[in-house]
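Read in order, the letters of the sequence shown are residues -31 to -1, 1 to 281 in mature numbering (1 follows the signal peptide of the UniProt record, and there is no 0).
Calculated directly from the structure, the hints in this document are not laboratory data.
Predicted, not measured: the structure shown is a model, and the values here were computed from it.
Here a beta-carbon is modelled for each residue, glycine too, at the ideal position from N, C-alpha and C.
Check before you lean on any hint, since a few could be wrong.
[As the list claims (entries may be wrong)] Distance condition first, Cα-Cα at most 30 Å in a straight line; then the derived DSS-like pairs of lysine-lysine:
id, residue 1, residue 2
1, 162, 67
2, 133, 104
3, 244, 99
4, 67, 96
5, 67, 244
6, 162, 133
7, 133, 244
8, 133, 96
9, 96, 244
10, 107, 119
11, 93, 104
12, 244, 162
13, 107, 162
14, 93, 67
15, 67, 107
16, 244, 104
17, 133, 99
18, 107, 96
19, 119, 99
[Said to hold, decoys possible] Pair ranges (Cβ atoms, derived):
id, residue 1, residue 2, range
20, 120, 190, 49 to 57 Å
21, 157, 95, 15 to 23 Å
22, 154, 194, 54 to 62 Å
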Amino acid sequence: MFKNTRLSAMLAAVLFSVTAAGALVSAPAFADAPAAPATEAAAPVDAAAPAADAAAPAVDAAAADAAPASDVAVGEKEEVHNPYGVEAMWEEGDFVTKSTFIILSIMSMGSWYILITKLIDQAKIMKQSKEAQAKFWKSSSIAAGSATLKEGSPFRFIAETGTKATQHHDGALLEQIDLSTWVTMSIQRAVDKVQSRLQDGLSFLATVGSTSPFIGLFGTVWGIYNALTAIGMSGNASIDKVAGPVGEALIMTAFGLFVAVPAVLGYNWLVRRNKTAMEDVRSFSADVHSVLISGAMSTSEAGRAAGAKKIG
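Kindly generate the complete structure, drawing on both the sequences and the hints.
Structure below.
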């Protein structure tokens, strides 16, 4: 029923997730450049006058050489490696940490892929609904109206299903079912298929939104456990021993929330848009049902009238 650009949506989801994960990498830390070494102490006051006079030019020259270096050092920052960011976590993390990070990355890419593809599907249905209102109802028959709609349109699928239901009602078993009931059942099944297709992937978004915070919390607990292990093995609780594992724990918490929030918001947004799209689909199916039933009844009445004339 739908023709989706799945590959482009997948590439967009992967690109967005990779870009967002890169944004989590902490900015390089900067440290003030070390100040220029202090000049040597001045000569003792009680030194001889000739020695003082001889040392004065040397001190002035040293001060002149040190002045430019001091001016350059003031206000400058020295770039240093950040040992507590995502890159350091990946390089120094163990198997559990890396596995948790990979699982969250896969869940994030899957969420964005589903979100993009579902938005494309909904946009197509809303566009096709306008086309159906503009072209379909101006046709002379249901079959002619179906031909004006694009291939893969859910509205064309519903119209063709209803037409086939009226044409294939003959039969030993189907004749026992009222024509109106049979057409209603056929069109309702078509509507249910359209709705089922629109809801594909929403359960994955709900699962990601409800489980990713706990997966991130697991990574947090594991990072704190590594911090406590480092304290026990080293015998001290200095910042250099616990900063790395605690940094991993906080990154896992942030990453879990980063995956969960878009999934929950996307799920609620898609459900609301699905309701709007399905209202158009159900309205169209009800109108098609009414036209098919009235046409079938008119045909049957004309047939009975023709038979009565022949008998008379």
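Check your understanding: Quick check: which numbered hints come out false for this structure?
Key -> 1, 4, 5, 14 and 15
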